[in-house]
Structure formats: C-alpha cells, structure tokens
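**Student:** Below are the chains, spelled out letter by letter.
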Amino acid sequence: MTDPSLPYDPADALRRAILLATPGLSRFDPLPRLVAYDDFSNGYCGWSQLVGNYEDTLDTMLPGYAQHSSPMLSTLSHWDAGSHGAMSGSYALKIASQPKRGAQNVTIKRLTFRKPTPIRFEAYVTYKPEASALKLGDEDLRSFGFLFDLQHEHTHPSPERVMPHFRFLNAHGGKRRECWQFKQGSTAFVEIGDENKTRSHYHLADEDWQDLPGGSQTLCYNEIPTKVNWTYLRFDFDVVSMRPTGFQCNDRVFDVSDVDSIRMPAMHNLWNMLNFAFFVETDTDKRAFLYVDSVCISGGL
Amino acid sequence: MLSESHTAVVTRNETWRGQATSEAYEAGWAREAVIFIRALKTPIGPTARGQVEISPDGMHWVAEGTAFDFPGAKNNLAVARVCHFGNWLRIRADLEEGAETTILISMHLKA
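Chains as they are written, first to last, in my numbering: chain A, 22 to 322; chain B, 200 to 310.
Keep in mind the hints are simulated off the structure, nothing from the lab. It is possible that part of the hints are untrue.
[Stated by the list, open to error] Calculated lysine to aspartate or glutamate pairs in the EDC-like style (CA-CA distance at most 20 angstroms, straight line): (1) A:LYS156 to A:ASP80; (2) A:LYS121 to B:GLU203; (3) B:LYS273 to A:ASP77; (4) A:LYS196 to A:ASP232; (5) A:LYS121 to A:ASP227; (6) B:LYS273 to A:ASP227.
With these hints in hand, go ahead and build the complete structure from the sequences.
**Tutor:** Spelled out as structure tokens, the structure:
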C-alpha cells in the first residue's frame, strides 16, 4: 500500500503496479528486493526437513530432532472429498507430525544474507489434524508456527545468533488457547560427540513460550476436519537491529515492539545465516498437518 | 522445465520390532519411486520381510504387491521400485519375536 505522506516515486509506483498485476505475487506486499518467491505447485523450492546435529552416530541426535521427517508436496487429499488443492495450483508443502502427543515436525529453507537489511516473510498457510475420526478435532492440533535462525556477519563488532520464534497455540492439554506466542529462552546446549566441534539445542521445546500481549486470535478452522481455509501471515524482522518490526495474521496486526528473540553468542560456523522454518505440533495421539501454499521473502536493496 | 525429482528421508535411525511401518508419504506428483532401506546397525534375529503399501487416504493401507527382504547386515541395502501407486506410500515390515533392525528409509521420487 502506498504511503500518501511520501513524495510520489514513479519507480516505486511502477514496481507496485507490476506486483499487483502479477498473479501469485499480487497477494503479497513485498519489500523492494524479492529474495525468494516459493509457490509449491512448482516443487519443493528448497524447503527441506530440519535434521538434527550428530557426530559419529545418529544416536547422538537430540530426540526433538530425531522425530523430524521430510516435508511433502500435497494436494490436501482427503478421504471424504478428494483433493482440496492449494490456494493456487494443485500443490502445497505439507509438514506432518507423528501421531504422538507433543510430536513436532519442521521444514526449513537455508540462505545467507549479502547485506543486513529489513526482511519481510509472508506466507499463506492452513492447518488441520489428520481426519482419522468423524469429529471436528479442533483441539487436536497444539500449534503451528514459524521461526528465523539468523547470525550476524563475521565483521560485526558484537555478533550474535538470533532466533525469533512465533507459534499460534491452538490448544494445550486439551484446552483451547487460540493465541500467538513467542520465545526468548531456549533449552541449554548439549555437546554432541567428543571432538568439541558440534553442539545442539532443541529450541522448539514446549517450554519458554510467552503469550504475545494482545495476541488472542480466532482463526477460520471451518466445520469438519477436511475443509480448510488459507490464512495470511506476515512477519517483519530487521537484520540490522536484530529486532522484530511487524507481525500480521489476516486482518490482525500485532505490536511486537516489546518482543525479543532467543539470543546467544555467535557460533563459529553460522556467519550471515538467514534461515526460515515452519513447524507444527500435535496435542493428541493424532497427526497434525501444516500446509503452506506459498512463501514470499523480501528485503531492502 | 526439468521434471521434479526428490529424495525424502521418511525414517531415520528408528529401531523396528514386530509389525512396523514408516509414516505415510504423499507423492502423487511422482510417476515412479525407488525406495531404499539401509540397516544402520547389525540386525538382530531373522531377516525381516518388507513390503510396499499404498492407500487412498493415508489412513487405510493395502499391499501394493512389491515385497522384499530387509537388509541382513549393517550398511546393506534393500530396494523396492514402484509406479502406479496413486498418492500415498509407506513401507511395512513384519519381524519375528525378538528380532529388531535399525534402519534408514529414503524415497527417491521422479515426475
């Protein structure tokens, strides 16, 4: 949307006109530089499973990571109504948990940045438990969410690894919550192996989540487990200040000015890291699914 | 545009006993799947018999018809090649009492 307080910029007006006339991109509000536009009807687009760290044997992988598996390209195929399809095209990226209470799964896209700038992360997503019962199941899925995993450039005077996390807590312990949460703390690092080269921490553990002030929201769940509606997400993060600057879900815009991230000293092998991830977790012994139709990641020039 | 090709690791370092299955994997976009099962540790007991299963919904499963022996030694491979599988795929194994095997299953899919 054009800010009427700013002077008319013909180049910006042309850019906006092209964006608005481009199917697919028209539903996003990207910053000037398109870093990635991933429509999963075009394939996996570099979104892979989040594998845990290990050394010598996979037995050293933390249990939280050991449960992760590869995402899928799904037509949202259901037993009663067939393929639902994506928001555009046939396929969405699907992240599925195992059917065990508290189980999680994560998909990740790994980049680095050329220059620290503000980053905008937009997506259309939907979520559901597996339709294994002829019931609404609206309290079966615990949460879905997203995170960034960032690290300053090597020349930064006080480099940090910074990990903003947000989740929509749908239900917990069978109790409906319907609120957005964020994280500033994480489980402790564990040394992996005995060469002092590899460490790991399960930053998606169920602990340390805090309610986002004013973050209650009731999303469109629909009326049976096999009907889904796509939901818009936008998260803005300034890689210069390493602070969140905006968060929107559909019509709601949330104040994140007092929100911080998981922070830790920079690690020796993660310079300029610019990672993005989605996750889903189940609150019952039923699989939970997060579907992502498309993602637009943009930044400053 | 090149045809899609994808490797999905659906089971990693899981120890299977009794009747066990991989998690359901959707691959309706793929025309063929080559599925490798690698033993990560020395299997215990008689070699398991494995089979490919397909499903209309990811919840109800039927044998696809492809069956094979699981790998009998650490780092050995078993393989299954399937096409005309619809949308959903998984691997099932039946192990005798006391038998166990720790495995890595990867699905290699092509449009």
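**Student:** Taking each numbered hint in turn, which are not upheld by the structure, reported in ascending numerical order?
**Tutor:** As far as the earlier hints go, 1, 2, 6 are violated by this structure, in ascending order.
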